[in-house]
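Peer 1: Spelled out, the chains give:
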Amino acid sequence: MTGYSFDWSAVVRGLPYLLEGAGLTVLISSVAMVLALILGLALAAISQAPGRLGRRVVAAYVEVFRNTPLLIQIFIVYFGLPQLGLKLSPFLSGLSALVLYAAAYNTEIFRAGLEAVPHGQFEAARSAGLGELQMLRYVIVPQAVRISFPALGNNLVSLVKNSSLVSTIGMVELMFVANDISFNNFRTLEIYGAAAVMYVVIVLALTRLLHAAEGRLLRAPA
Amino acid sequence: MNGHVVVDTLPYLLRGTLWTVTIAVAVIVTGTLGGVVLGLLRFVPWAGPRALVAWAVELVRAVPLLLLLFFIFFGLPALGLKIPTFPAAVLAMSLWMAVNTSEVVRGGIQSIPHGQFEAARSIGLSEIQTMSSVIVPQAVRRMIPPFVGLCTILIKDTSLAAIIGVFELTRAAQETIERTFKSFEIYLTAAAIYFVICFPLTRFAQRAEARLRRP
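In order, the protein sequence lines correspond to chains A and B. No gaps in the numbering here: position 2 of the first sequence is 1 in numbering that gives the first Met the number 0, and each next residue is one more. No gaps in the numbering here: position 69 of the second sequence is 68 in numbering that gives the first Met the number 0, and each next residue is one more.
If you are wondering where the hints come from, they were derived from the structure by calculation, not from laboratory data. Every residue, glycine too, gets a C-beta built ideally from N, C-alpha and C. The reader is advised that the hints may include incorrect statements.
[Said to hold, decoys possible] Pairwise CB distance ranges (calculated):
# : chain 1 : residue 1 : chain 2 : residue 2 : range
1 : B       : GLY164    : A       : GLN133    : 53 to 61 Å
2 : B       : PRO44     : A       : PRO117    : 36 to 44 Å
3 : A       : VAL30     : B       : PRO76     : 35 to 43 Å
4 : A       : PRO141    : B       : PRO48     : 38 to 46 Å
5 : B       : ARG140    : A       : VAL56     : 31 to 39 Å
6 : A       : LEU208    : B       : VAL6      : 44 to 52 Å
7 : A       : VAL63     : B       : VAL20     : 19 to 27 Å
One chain only, chain A, in its complex shape:
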């Protein structure tokens, strides 16, 4: 090992830019997760609806997006779709790929959650005179969300880490910023080290937050 002299001033100088990148990572992940939750819940509801077609289409979507690499999905949206006349900015390409990928997992989580709600709950809601939509809105979905919460939390944590892949198409977030700085000042070890610390802080804070939320959710009355 050669005598490498660490230059932490490179980190200090790059800190504002790195923090901005970390903020963008949190923002992108949050926006993507909100959209992926909505899409996932809608698709899970469709797959529960009567008729086989909806169920099959949703299952195909889930399996295709879960069994192919996110990186390839990002490349298809950013490099492939313009060939069909759909040209999206790096931001929109990255965001839509992240949403579609995370939503596939969310759909599966919600579907399992909906199926885990005891059958008696459906019967009780119907016999109380609730319509299909009211039953879902007031009885089934609240319970399904509670069952799904831990898995959804894990998916959010994965999403934060997976969002680093959009740096490859030029979407600005923490990974992109770290590459940008270290390819300019060659202080790769220090800059990547600093970026790693930021990811650790984000992920650990998020994990603790989700854990606390889960505790409250389980204690709250239905």
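Place chain B on chain A using the hints.
Peer 2: Quick look at chain B alone, frame taken from chain A:
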């Protein structure tokens, strides 16, 4: 859309696939060995090493694989440790696989009811015997579904190796696109190849999990 280009470039993509499988197998073997050791270290009777391993695993797991890869490939040369692309990718992914496998191992062992430990001890088995003939055999069955799930994620994530220039399926697709400019068709074909590899594993994991839930 152009179907010819897919047929023409398929042999090259399949050559890339061979390397994807090679990387995945190398990582699964080394990462699993490392993961089993790290996972079992969580149950040693000494609190110090237990806590140290728990912390290290949590830290590494919080870092995106892409950053681990860049840290090893672009960062370590600063310390005089210059690692070529292929071993750098295998090293980064094995590290990732090891920490995640260790969590599967820990979860599997912790899911065994405490009464099993007590029963084994009360019939006179030693600490080691309890683990090797009572706890681990039961835990392994529960580890299989999440472990296979982890392997599927790993196979998909071997695509990241292309970013540092390792030749595998994704890199083969990129090279083909540089020649043909048919990004949509080529990436779609690459995605289909990944799907053919990953989907049976996903199905297997689902079946194994369903089998566990049955009494």
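Peer 1: Each hint: holds or not?
Peer 2: Outcome of the hint check:
1. B:GLY164 to A:GLN133: 53 to 61 Å: Because 57 Å falls inside the window, the suggested range holds.
2. B:PRO44 to A:PRO117: 36 to 44 Å: holds (42 Å)
3. A:VAL30 to B:PRO76: 35 to 43 Å: Check passed, 36 Å falls within 35 to 43 Å.
4. A:PRO141 to B:PRO48: 38 to 46 Å: Since PRO141 (chain A) and PRO48 (chain B) have Cβ atoms about 44 Å apart, the given range 38 to 46 Å holds.
5. B:ARG140 to A:VAL56: 31 to 39 Å: holds (34 Å)
6. A:LEU208 to B:VAL6: 44 to 52 Å: holds (51 Å)
7. A:VAL63 to B:VAL20: 19 to 27 Å: holds (21 Å)
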